[in-house]
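A.B. asks: The chain contents come next:
Number of protein chains: 2
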Amino acid sequence: MFDYTATYTDQYQITMSQVYFHKGMKNETAIFDYFFRKLPFEGGYTIFAGLEDLLKAIENLRFDQKDLELLEKEGMDQEFLDYLEDFKFSGNIYSAKEGDLIFPNRPVLSVEAPIIEAQLLETLTLNTLNYQSLIATKASRMRLAAGDRKLVDFGLRRAPGTGGYAASRAAVIGGFNSTSNVRSGRDYNIPISGTMAHSFVQRYDEEIDSFRDFAEVRAHDCVLLVDTYDTLKSGVPNAIKVGKEMEERGEKLKGIRLDSGDLAWLAKESRRMLDEAGLDYVKIAASNQIDEEVIKSLLNQNAPIDLFGVGTSLVTGRPDSALDGVYKLSYANEEPRLKLSETVSKINLPGKKQVYRLFNEDGSFYGGEVVALADEDDFDIMVHPSDPKQSRILTEFTKEPLLEKVVENGKRISIPRATDEIAEFSRQQLEKLPKEFKRFDNPHAYKVGLTKKLKELRDSLVHRHKERV
Amino acid sequence: MFDYTATYTDQYQITMSQVYFHKGMKNETAIFDYFFRKLPFEGGYTIFAGLEDLLKAIENLRFDQKDLELLEKEGMDQEFLDYLEDFKFSGNIYSAKEGDLIFPNRPVLSVEAPIIEAQLLETLTLNTLNYQSLIATKASRMRLAAGDRKLVDFGLRRAPGTGGYAASRAAVIGGFNSTSNVRSGRDYNIPISGTMAHSFVQRYDEEIDSFRDFAEVRAHDCVLLVDTYDTLKSGVPNAIKVGKEMEERGEKLKGIRLDSGDLAWLAKESRRMLDEAGLDYVKIAASNQIDEEVIKSLLNQNAPIDLFGVGTSLVTGRPDSALDGVYKLSYANEEPRLKLSETVSKINLPGKKQVYRLFNEDGSFYGGEVVALADEDDFDIMVHPSDPKQSRILTEFTKEPLLEKVVENGKRISIPRATDEIAEFSRQQLEKLPKEFKRFDNPHAYKVGLTKKLKELRDSLVHRHKERV
Chain H
0 MFDYTATYTD
10 QYQITMSQVY
20 FHKGMKNETA
30 IFDYFFRKLP
40 FEGGYTIFAG
50 LEDLLKAIEN
60 LRFDQKDLEL
70 LEKEGMDQEF
80 LDYLEDFKFS
90 GNIYSAKEGD
100 LIFPNRPVLS
110 VEAPIIEAQL
120 LETLTLNTLN
130 YQSLIATKAS
140 RMRLAAGDRK
150 LVDFGLRRAP
160 GTGGYAASRA
170 AVIGGFNSTS
180 NVRSGRDYNI
190 PISGTMAHSF
200 VQRYDEEIDS
210 FRDFAEVRAH
220 DCVLLVDTYD
230 TLKSGVPNAI
240 KVGKEMEERG
250 EKLKGIRLDS
260 GDLAWLAKES
270 RRMLDEAGLD
280 YVKIAASNQI
290 DEEVIKSLLN
300 QNAPIDLFGV
310 GTSLVTGRPD
320 SALDGVYKLS
330 YANEEPRLKL
340 SETVSKINLP
350 GKKQVYRLFN
360 EDGSFYGGEV
370 VALADEDDFD
380 IMVHPSDPKQ
390 SRILTEFTKE
400 PLLEKVVENG
410 KRISIPRATD
420 EIAEFSRQQL
430 EKLPKEFKRF
440 DNPHAYKVGL
450 TKKLKELRDS
460 LVHRHKERV
Chain V
0 MFDYTATYTD
10 QYQITMSQVY
20 FHKGMKNETA
30 IFDYFFRKLP
40 FEGGYTIFAG
50 LEDLLKAIEN
60 LRFDQKDLEL
70 LEKEGMDQEF
80 LDYLEDFKFS
90 GNIYSAKEGD
100 LIFPNRPVLS
110 VEAPIIEAQL
120 LETLTLNTLN
130 YQSLIATKAS
140 RMRLAAGDRK
150 LVDFGLRRAP
160 GTGGYAASRA
170 AVIGGFNSTS
180 NVRSGRDYNI
190 PISGTMAHSF
200 VQRYDEEIDS
210 FRDFAEVRAH
220 DCVLLVDTYD
230 TLKSGVPNAI
240 KVGKEMEERG
250 EKLKGIRLDS
260 GDLAWLAKES
270 RRMLDEAGLD
280 YVKIAASNQI
290 DEEVIKSLLN
300 QNAPIDLFGV
310 GTSLVTGRPD
320 SALDGVYKLS
330 YANEEPRLKL
340 SETVSKINLP
350 GKKQVYRLFN
360 EDGSFYGGEV
370 VALADEDDFD
380 IMVHPSDPKQ
390 SRILTEFTKE
400 PLLEKVVENG
410 KRISIPRATD
420 EIAEFSRQQL
430 EKLPKEFKRF
440 DNPHAYKVGL
450 TKKLKELRDS
460 LVHRHKERV
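Protein chains in written order, with numbering that gives the first Met the number 0: chain H, 0 to 468; chain V, 0 to 468.
With the rest of the complex left out, here is chain H (with noise of 0.2 Å):
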């Protein structure tokens, strides 16, 4: 992985952190909120992946002496590089649980910490947040459109550089079955595959002896490519011939990849010739520009295809490429803070917090959740961020709170998950979630209000602001 150290950030993070340090504010308490403001893909909801990455990666966060070295150079003073030698991260982390639903304008992530900490991790938490939600997003509307078939990553050739090693544990976060990165299978611990690629048919005369020694060598793992010259005149007749020499030997050819052309009819007529060939268990892969829309249109003409392998559109989560988060200071010198904007919905939510999830009798999401003051113990009504006039009493649902505690005066509390523990978690969340959510056209707009302590407090906060300016 990579080895993050301290400067894994923006210039300002340091700027600011040394005004602060000679401004006797390095004890001082600040919070500051990691959310976002829109849904990606124009979708109804977000999974939220990263925390497990980011955790780590605070844990062991140092300045090394190549930091040091350049800040010198970059002309940050003794007293402060002193301090930057010694720095740990010594404060509390409230999160939400990595795989679940996450929505706009609401916390995801608070950090609790001497204000020059926190300030120092913003850059790596929006770095590693951001980029993972949006490819466990993105990987989760392909589960949606594939239904129970395989999903394979095989994205890592197109990826953003070495970006692509945490796509990959994303991608399985979100409801994929394997990758090709044998990398991150490694450190991930997430289930590799593949297939076979143009160039090792190429390097034969006859297709057919490449199939043959692939065959041989791999017979417990044999997915012919199927498309090198002619997939239907040439690769599927040749891989049914293995196939059958694979069967003399009481082997079992595991499946073909089709990579160009009319996937659909390509899938239905090579399921034809297959079955006639009495190699109805033969599997049927398809890869070439795949993504959730692709899928849907291929499953809607009934394309017998068993796998998709998927790359460029899931690890660069085009056609969004970012999710917009944003960390925010909301409370510090003792007081909650604000930013203001023209804009209702970009003022931010003062104070320290907690996000209440609503369910319904029967355990299902109501589809709303309730921010609050963190120190509010009871409150039945939730009202809307900036319509007065839309408020709702929560009397009939069931709430839970979703920002947990997950690192102490900057010790780990939280049991560290698997990315197969996250991906059944994050699985079973969108199951609870009301399909009208999950529909790719215009979902149903998921809540998210506010307690009327915390709508007044930030009212007040924006009044005494306008009042100043």
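Derived by calculation from the structure, the hints in this document are not laboratory data.
For every residue, glycine included, the Cβ atom is placed at its ideal position computed from N, Cα and C.
Please note that a few of the clues may not be correct.
Stated by the list, open to error - Once the Cα atoms are required to be at most 20 Å apart in a straight line, the calculated DMTMM-like pairs of lysine to aspartate or glutamate come out as:
(1) Lys55(V) to Glu215(H)
(2) Lys232(H) to Asp186(H)
(3) Lys22(V) to Asp220(H)
(4) Lys72(V) to Asp186(H)
(5) Lys65(V) to Asp274(H)
(6) Lys72(H) to Asp419(V)
(7) Lys72(V) to Asp220(H)
(8) Lys22(H) to Glu215(V)
(9) Lys25(V) to Glu268(H)
(10) Lys22(H) to Asp2(V)
(11) Lys22(H) to Asp204(V)
(12) Lys465(V) to Asp274(H)
(13) Lys65(H) to Asp2(V)
(14) Lys465(V) to Asp204(H)
(15) Lys55(H) to Asp2(V)
(16) Lys232(V) to Glu268(H)
(17) Lys22(V) to Glu205(H)
(18) Lys96(V) to Asp419(V)
(19) Lys87(V) to Glu27(V)
(20) Lys22(V) to Asp2(H)
(21) Lys25(H) to Asp419(V)
(22) Lys22(V) to Glu215(H)
(23) Lys345(V) to Asp229(H)
(24) Lys451(H) to Asp361(H)
(25) Lys345(V) to Glu215(H)
(26) Lys72(H) to Asp361(V)
(27) Lys465(H) to Glu215(V)
(28) Lys25(H) to Asp229(V)
(29) Lys345(H) to Asp261(V)
(30) Lys465(H) to Asp204(V)
Said to hold, decoys possible - Here are some of the chain V residues that sit facing chain H, going by a computed Cβ distance under 10 Å:
(31) Gln17
(32) Gly160
(33) Ala166
(34) Thr194
(35) Phe199
(36) Lys282
(37) Ser329
(38) Asn359
(39) Asp361
We have chain H; now place chain V onto it with these hints.
C.D. replies: For chain V alone, kept in the frame of chain H given last:
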């Protein structure tokens, strides 16, 4: 940086290698070409970036103990594992110069090595070059739009995970002046810069106090963010006050930053206010959803902006998100190799090749290149890759070979180049490209032709394969 090991690859590279190993092909020489098919951003050129990082990674690429344990668990046999334990790249690499302009369907980099070694480099090569070239190209477009105004990479928080590390490097190669990303600045020796965040202003009860503290501690590098409460009523007036106070101390306020609202209008008003206060030396920086189109629009409106801070659109390379680079086998088993395709432009170029750029008499780029067989020493005509009616006599041009040997028998033989040197080379090359190719809308199409010999070789192989099918 990332600790690459040889499992930073797709699973099939290893399984195909296993077949080559057991079928007696491990010492057979193969040639693979890296090239791409489609210019990103509907532009007229691509900037080649990522080579130095790639060569460094290849030089040190090994299977470590964790890799070998995983592969054993995945069922690889001991003999092959023993071979992998000793794996290191021993072949040759021919490459275009990093920072040069590259065009579709001609080799950018060629690997000539024992087939297993060449195969095992595929994913790493694609992963590194595709992303950095995309980002350098995106950066270069912003440079074209921005003229001589400063461009700063603010992208790490929205970058695709650790991909952001190399993105900052690629941005500089494409023409950015500096980055906020301290760690990349440190490792790639890139200028680092930054301003201040809203959180810093929010920390204080009064905006002006935050400005004063920052100006005191960071007097030599003070850019004040003026939109936390109200840009023209509060931010700019407070920045002017602090600027005048700095003057009294013999210091100079460096700049202000606008991060929301109508940037064109706010820049003009801010400029007027600053100038009226005698602070005409104070620069104006702008950020918030900047890309090449926004820069063009702002400058068309004569917005007096001196510096653009660019985040998301730079590091994600949207809307394209990925360069479609591929790595194709062109020689193996002592013969040129081909992959057929229904689309002629997708058929690869067989054999060992060289690429020649055509220059006009005055040293400017003609706007075309010829792909030749490596052992051709004389040709004076180039033909269109698919249209037999199109050809061009080359006698009026000077030709320059573009692929140079950078690795020989596994050893780096070209001198490593620093990021700023590559950036300067790229700038010079772009200057030589006629402006019609640099236009954003419908740029001139750069010609990539073949020598007759290469075309004949390709056509004869196509013919042979089609006959067989």
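A.B. asks: Please list, smallest to largest, the hint numbers that this structure does not respect.
C.D. replies: 1, 2, 5, 9, 10, 12, 16, 20, 21, 24, 25, 26, 27, 28, 36, 38 and 39
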